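Colleague: Chain by chain, the residues:
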Amino acid sequence: MTNNREPMLQLKDVSTVVNAGTPNQTTILKKINLTINDGDFISIIGTNGAGKSTLFNVIAGSLPVASGQLFHQGVDITTMSVEQRTSFLSRVFQDPKMGTAPRMTVAENLLLAAKRGEKRHLIPRHLKQRLPELKQLAASMNNGLEQRLNTATGNLSGGQRQALSFLMATIKRPDILLLDEHTAALDPHTSQSLLHATNQRITEDHLTALMITHRMEDALTYGNRLIVLKAGQIVADFAGKEKQQLTLDQLYDFFED
Amino acid sequence: MNLITSAIGQGLLWALLGIGLYLTFRILNFADMTVEGTFPLGAAVAVTAITHGISPLGATVLAALAGMAAGLITGLLCTKAKIDSLLAGILTMTAAYSVNLRIMGKSNVSLLGKQTLLTPLRNLPQYFDSVFLGLIVILIITAGLIFFLQTDFGQAFIATGDNPVMARSLGIKTDSMVIIGLMLSNALVGLCGALIAQSNGYADINMGIGTIVIALASIIIGEVAFGDLTLNQRLVAVTLGSIIYRLILLAVLQLGFSTNDLNLISSIVLALCMMLPRLNNVLHIKEPFVKGGLSHDK
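From first to last, the protein sequence lines stand for chains A and B. First residue of the first sequence: 4, per my numbering; consecutive thereafter. First residue of the second sequence: 14, per my numbering; consecutive thereafter.
The set of hints was computed from the structure by calculation and includes no laboratory data. Errors might be hidden in some of the hints.
Only some residues are given here: those of chain A computed to face chain B with a beta carbon under 8 Å [unchecked claim]:
| id | residue |
| --- | --- |
| 1 | 8 |
| 2 | 10 |
| 3 | 86 |
| 4 | 121 |
| 5 | 128 |
| 6 | 131 |
One side of the interface only, derived from the structure: several residues of chain A facing chain B at Cβ under 7 Å [to be verified]:
| id | residue |
| --- | --- |
| 7 | 80 |
| 8 | 83 |
| 9 | 85 |
| 10 | 104 |
| 11 | 108 |
| 12 | 124 |
| 13 | 126 |
| 14 | 228 |
| 15 | 234 |
Within a straight-line C-alpha distance of at most 20 Å, the following computed PhoX-like cross-link-like pairs (lysine-lysine) qualify [stated by the list, open to error]:
| id | chain 1 | residue 1 | chain 2 | residue 2 |
| --- | --- | --- | --- | --- |
| 16 | A | 175 | B | 186 |
| 17 | A | 100 | A | 15 |
| 18 | B | 186 | A | 122 |
Remember, predicted model here, so these are calculated numbers, not experimental data. No residue lacks a Cβ here, since even glycine has one placed at the ideal position from N, Cα and C.
Here chain A stands alone, though its shape is the one from the complex:
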């Protein structure tokens, strides 16, 4: 079914509606068309209510579309459930608490994520045998996470927890990685170091990623493409050289009204 020459992800005329059939009916996304190629790292900016999170929910499958279609490598995934889509898609949430199981240890969380989208059988998980490998992985975040493999995740700092969420999203290579303002809840220093690690991982593993951010500087620094959402529509899509030459002032112009 899959064909590598097909785009990694394609949205065709995707619209979403909330409160359908009531006087409060609102269209959030308006006929969005977007083609994401293998290896794209796309920053997404836009005002509150522009539809950024809605776009992610539609891609992840947690929000049904009112009309339009989604394709993953040419395969129609419009009606696939959240659970089914996890076989090729992973997501890091803004809230560090969302992406990890607080009462399970760091190692247990990582092992869970290593089987993302797979059927889980009644076979022993072999945690001990995999500890060295998990330790090495945790060490790649450079924040001491490898020292806390046997700590319940709820006892980690926000930064460590979010670093863990990111590792969990990438421990099994996803075709599409969704980063939903994943550094917004962290202090500036921790935020920058996680972004740096994110960029490194995406580049090294040649991942296809979408990143929502409210920091224009980050949107300019990271990624090979930049999309501006406004009132449910993509009003600008810069790629390659065009993106490199963008300036902060140009970006801020999109927020003038």
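Position chain B relative to chain A; hints supplied.
Modeller: Using the frame of chain A, we list chain B on its own:
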């Protein structure tokens, strides 16, 4: 001494109830009221099956399967029909009352003169039969659950209770996990009902009243008494909690309270245990007794 042996035997048999509820209440974060109906259901099925000539072991297995079916119903009501989890449990519990009456045909059925799982143990000293049976069942069930929880499937089950949003984002079918958890839990509760009925020598339509408090007491006494434990140790702590709870009851009855007061006493004991962490702040009771509590803080 005899009374203490009896309390330990009762504690071991009743521990299954606590272990069953532990799966839903602590692991799935699901306050499952079904158990108040499942416990007498297990008793009713086992006693009726035995009086109809089925072997005690077969009858006990049937009771566990009946419990499993009750869990399935609550699970479907909750996940597929989207009924609030507490209400879903209450619905099944209430319905089970009528079902239990239908199964038994009357409100109390005796096992007088019938073979039970305890019959082969009658040569043991008094009350040691329940201790022996309880130990064997608890060992098998605890070992089975410890294995289960360490598998890929079991870990997905734990993750479902811990963070359902994350679990779904890792491809775990959380609805199925909740249903399977409720089935497993209620199978254990049904099994417990079957064993208690055989130990008591009868099944009574009202024997489910207060069981959820007894189950919670086992869980919480275990947590309060043993503090910070791993998940596997916690399962064992539930059994120890159940035995401690029976010893507390014994002590209270020795003070002259009537067995009619049992549910009142159960509730007071449980309330006191749940208040301990709070009382500690006020009264500064010494550490280890309170440390564990409900959190995983080190």
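Colleague: Hint by hint, say whether it matches the structure.
Modeller: Here is what the structure says about each hint:
no.: 1; hint: 8; in the structure: violated, 27 Å
no.: 2; hint: 10; in the structure: violated, 23 Å
no.: 3; hint: 86; in the structure: holds, 5 Å
no.: 4; hint: 121; in the structure: holds, 7 Å
no.: 5; hint: 128; in the structure: holds, 5 Å
no.: 6; hint: 131; in the structure: violated, 11 Å
no.: 7; hint: 80; in the structure: violated, 14 Å
no.: 8; hint: 83; in the structure: violated, 11 Å
no.: 9; hint: 85; in the structure: holds, 5 Å
no.: 10; hint: 104; in the structure: holds, 4 Å
no.: 11; hint: 108; in the structure: violated, 9 Å
no.: 12; hint: 124; in the structure: holds, 6 Å
no.: 13; hint: 126; in the structure: holds, 6 Å
no.: 14; hint: 228; in the structure: violated, 24 Å
no.: 15; hint: 234; in the structure: violated, 28 Å
no.: 16; hint: A:175 / B:186; in the structure: holds, 18 Å
no.: 17; hint: A:100 / A:15; in the structure: violated, 33 Å
no.: 18; hint: B:186 / A:122; in the structure: holds, 9 Å
Hints 1, 2, 6, 7, 8, 11, 14, 15 and 17 from the list above are not met by this structure, while the remaining hints are.
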